[in-house]
Every structure is written in structure tokens, then in C-alpha cells.
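Take a look at the letters that make up each chain.
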Amino acid sequence: MAKDVLVVIEHENGSPRRPSLEALALARRLAASFGGRALAAVAGHGVGDIARRVASSGADTVYHFDHELLGQYTPDGYRLVLEPLVRDLSPEWVLMGHTYLAQDLLPLVSARFDAPVVSDCVDAEVDGETVVLSRQPYDAKLVARIADRGPAPHFATLQSGAFPADELPDAHDGTVEQRPVDLSPDRLRRKVLEVRQAGGRTVDLTSAEIIVAGGRGLGSKEKFQQLIGQLAEALGGAAIGASRPVVDNDWLPHDHQIGSSGQTVSPKLYIGVGISGAIQHVVGIRGSQVIVAINKDKDAPIFNEATYGVVGDAEELVPAIAQAIAEARQS
Amino acid sequence: MKILVAIKQVPDKNARLQIDESGTRIVETDLSWEINESDRYAVETALRLKEARGDGEVVVVTLGPERARKAISSALAMGADRGIHLVDPDFQGGDPLCVARALAAVTRAEDAPLVLCGTRADDDGYGETPILLAGLLDRPAVFLTIGVEPLDGDRLRVVRELEAARQEVSEIPLPAVLGIQSGIFDVRFTSLKGIMAAKKKPVSQPTPTELGLSAEQIGKAGRRLEVLSLAPPEKKGQCEFIEGKPEEVAATLVEKLRREAKVL
Ligand SMILES: Cc1cc2nc3c(=O)[nH]c(=O)nc-3n(C[C@H](O)[C@H](O)[C@H](O)COP(=O)(O)OP(=O)(O)OC[C@H]3O[C@@H](n4cnc5c(N)ncnc54)[C@H](O)[C@@H]3O)c2cc1C
Ligand SMILES: Nc1ncnc2c1ncn2[C@@H]1O[C@H](COP(=O)(O)O)[C@@H](O)[C@H]1O
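Here the protein sequences line up with chains A and B, keeping their order.
With the first letter of the first sequence counted as 1, position 165 gets the number 165 in the numbering used here; the numbers rise by one all the way through.
Start counting at 1 in the second sequence, then tack on 1000, and there's your number in the numbering used here.
Derived from the structure by calculation, the hints contain no laboratory data.
Each residue gets a CB set at the ideal place from its N, CA and C atoms; glycine is no exception.
No false leads were mixed into what you were given.
Some chain A residues judged to face chain B by a derived CB distance under 8 Å, without partners named: (1) A115; (2) D299; (3) T307.
Sequences and hints are given; from them, build the entire structure.
Next up, the structure:
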């Protein structure tokens, strides 16, 4: 039997989200290798256009679920349409981008099939029907190659940006199949009251030209203020950013956080000090023109993103760098 | 209300990791260990919920070898009432689904209406155990919880973190499972008194059989996911490393930022 690959599509403002298209690109690759089809599921309310877009972007069949109660994502609503679809289609793999929605949803579905999720994958080796996925445990300090030895369906989520969506066709003649939806409010146990922006963002890093960001490696609130403050001042009042543990530990207010759950920045110059370079931070800084990383560990993943790297202790390096910058700016 | 908190012991963040000769695991000797970061927040959340209600019990559960007993002790010293250590060799070496099955069995045995997990174990980094657990128990769940407040009638008001500093506010009924995100509350310091008190708190070690589990559902025998290799990542990118004494590094860096990158 031909082996198909199913992608669960997320959408936002009338378009499929980029991580879903990246998953579709991998689905096409896997399906081609298996001799099967790339399938997609689109759930929502009034999302027929999105379903058609996905069909023309490379999905052979798009299963379209339309219901008022799917207008807002809820894990129960999505699971109640996806679980029967997966049972019905028996795909070899079910894929999603490793987004917040996928993390909230996909294990709920996979558990119904006695399967874990191979989560946050960055690479796939495909050889006929064998798929080996790579992930990055220990906050990307290591790479693990994983095989799922269980029976189909297998489930995986893909790290944003790891699988290029560029190779999707411009015009594909996939079909859209509308599926009936049977939902009632009492089956949705999570009642969403509100989706809001985190309160009072007073710090806007998105338009900053120069950002100095500090991480847990600075060791304490005092050191953070001293070293990052010094460097920002030498740069003529650069904006100050931080990794998540810094704001979690109250060294700095939350609105300075850069990364997947914080701000996405695109300065001319980003200097990261004592930041390891976890993907959740890195996605927020990839738009920077020049990245300077200062870290005492030469293997820290941040150096994979950096233009210039300095290996050493922030306490020794930052004062010297701040002084050199201050002098240069005066001359 | 009884609250079950799942905590995992992981290598300390600054550990130098080495791969063993199988090429699939890290060398565990000479590492120092700690409670996984988001799990500490889960313990804190449980203690606060108990304190707010003025009654209840906080039970911490960990699946791990002998060394993981220390993680339980630390949580008991923070104020948890009791520990469960899934230390039997049959529990070890599984994938997240195996862990979720074991946690599901404990949840049933304890009849705990609320289970708190962290969001992600910073070692393997799967970030899926709480939602798998919810799937197995058929309970509502919220992943990446950054706020929780009990309401009347066995419901919780929960804030879920979304991308780009957005949040979802919702209500869910108990029984439920929450994945607690780092930063939800400030984690308390452990007092000497807490450490002394912890020594007297009970820690049980149920076997798989006692929990109604067979070896094929858990641990190495039950896992689907097999690690074929574990290795340091290949270096990628074109980072230019600047070396020398701090003053030399500073001078070179400034020069490059001015003349090459033209950002100063
Ligand atoms: C769902 C989710 C969302 C997340 N969202 C975000 C987000 O939006 N933003 C974010 O930043 N993180 C986020 N995280 C957390 C992320 O995964 C990392 O845990 C976090 O970014 C690590 O922060 P860090 O680099 O400051 O700390 P660590 O990982 O602890 O790294 C500290 C670094 O400092 C170095 N160091 C130590 N001492 C010194 C010294 N004296 N001098 C120089 N260097 C030193 C160390 O070598 C190390 O590389 C999220 C996690 C999850 C699960
Ligand atoms: N071995 C374990 N023992 C107890 N709890 C665990 C264990 N593994 C994972 N968990 C819980 O599940 C959460 C997510 O883990 P993971 O899915 O492995 O990233 C952790 O933060 C813990 O709360």
C-alpha cells in the first residue's frame, strides 16, 4: 500500500503559516520517496481559500474542516476532527511545524495512536521507507538521530527554518475535499476567554539599531546591569535585550525578552553576552545584520549564528570592549 | 486538593557533556544534577495553589535512577509533602510515551485531580510529556502555562503563552494536566528548616506491577524511539573568531565593526 504523509496546517490572517509550508515541503519529499501522496488538513471557519492555497502549493488532497467552533483553536476541537481523519487515512507520517499550537495539540492526537512525537526536528534522512530524524537535545549542544520503531502513524514536528519551503511548486493541482464536522460546545473543555498581547509593552526593541543583550551567563542581576549597562552606554545608549532566564529571574522586566515568546529584532548590530543560543532565542535575532557573540564556551550554539565571536569571560572582555568602543566613537 | 508534580532530574546547565562508547548516550559519571528548570516552577505553582486553598497535598513524582532521589529531596525541602520515586530498572530508558504511561498510572493510583509538569526537560528536550499524559488520561490540558488561578466549581483559569508575547486566557475543568512554563512565579529559596523537615517526609517506590504496568509499556522494553547516534553538532556558519588578550580582542573587534561591517 502506498504510504501517505499528512500535514496539519496552521493559519493566521488568512494564510497558511510558514512552519506549515515547511512541513508540507518535507511531506512532499517523504511522499515521493515512499511512492505515496502529500496530504494536508485545514481546520477553521471560513478558511476555504486557505485550503485551496495549500492544494495549489503542493498538497495532493487537502481535507477541509469548516465549523464555527473551529474558528478559534482549541485542542479538543482540533483533536476531534484530526483523530478520525488520521484513522481514516492511515498515513505513514503526520507532520507539523514545531509551533506553540503544535506542542499544545499534536501529542494529544499521537497519544491516541500509542505514539510519541519526534519533536523539534532539524533534519531528515530519507532512504526509501526509512526515515531518520535529527533533533537537538541539551539545548542544541548535541544532535541525536532518531528512528521511530513503532508502527504507523508516526508523528513529528519540525523546527522553524530547518526545512526550506522554497522548493514547493508554484502551481500544483491538488484537490480540496470538504469533510463533515460534528462538534458541540460542551465537547470543548478548554473555553478560550481571550487572546491578548502581553500587558504594557513599554520597550520596543523591534526598531532598535543597536541591541546589547545579556543572558544567564552574566551570573547575577548586578553583573547584568553593570556589564550590559556599560556596553550599552559606550554604544551611545543602545537598546538592552535579554534571554528568557534573565527576565524569569527578574534581572530585567519581561518586555526586554528576545525570542519566540518575546520580541523579534532586526538591528544593524546585535551583541549577545553570556547567551547560549537556544533556538527559542535565536529565532528572534536572525534578522540582525551583524551578530557579535561573547561566550566562555567555544561550542556554544550562538557561535553558529554569529558574524564575530569572542570566546572568554564576559567580566574580563566586556569592560575592555566597552572602552574600545567608547574611544572609537570619540575619535 | 491533591496536586501531583512530575519532576525530572537533568544534568546541570553548565555540564561538559561527553558521549559514551555506544555513541548514543552521555556519560553520567562526574556530572552534577539538578531539578529541570521548568519543573521547579511547577513545584512552586503547586505549593502556591495549596497555600491559596489552605489545604491539600503536593506529591512529587520522578522517574529516574537512584541519583534522582535527590531531586525529590529538593522538592520536599521546598515544601512538597511526599515523594514517589519510579526507580525500578524496568521504568528506565524509555521514550516520552513510556514516561507518560508511567505518570498516567501514578495519577490514577493517586487519584490526583491536578497534575503539573514542566514544559520541557532540558536534557532530551521533547517538550511533550504533559500533553501525552493528558491524551492518555483523556483530560483537558494547557501547555506553556504562565498563569493559573483556581475558580469556583472545580475549574481553573489558565493563561497560556503564545508566540510573539501574546497570551491566551481560558478556563478548564478539573481533572486536568498543566505544562508549567519557566517564569510563572518566583521560585522560593529553600530554608534550612525545609531541608530538615524533608528528611522526615515519606518517599515511596512503587514497582511497575504495583501500578498495573507491564515492562512492555514502559522503559527500554516499551520505547518506540531509538537513538541511533548522539554527537556534538557540526559547526556551521561563518563565525570569525577574534582571539587575544581582552584589549587586543576589543581593538580588533571595534576595527572590524567599523571598517568591515560598517555598523559603528
Ligand atoms: C516554549 C519555550 C519558549 C522559549 N522562549 C524563549 C524566548 O523567547 N527567548 C529566550 O531567550 N529563551 C526562550 N526559551 C528558553 C530557551 O530555550 C533557553 O533556555 C534560553 O534562551 C537560555 O538562556 P541563556 O542563553 O541566557 O542561558 P543558558 O542556556 O544557561 O546559557 C548561558 C551561557 O552563558 C555562558 N557563560 C556562562 N558564564 C559566562 C561568562 N562568565 N562569560 C561569558 N559567557 C558565560 C555559558 O557558556 C552559556 O552558553 C524558551 C523555551 C521554551 C521551552
Ligand atoms: N523522567 C521523568 N520523571 C518525571 N517527570 C518527567 C520525566 N520526564 C519528563 N517529565 C515531565 O514532563 C515534562 C516535559 O518533559 P519532556 O517531554 O521530556 O520534555 C518535564 O518538565 C517533567 O515535568
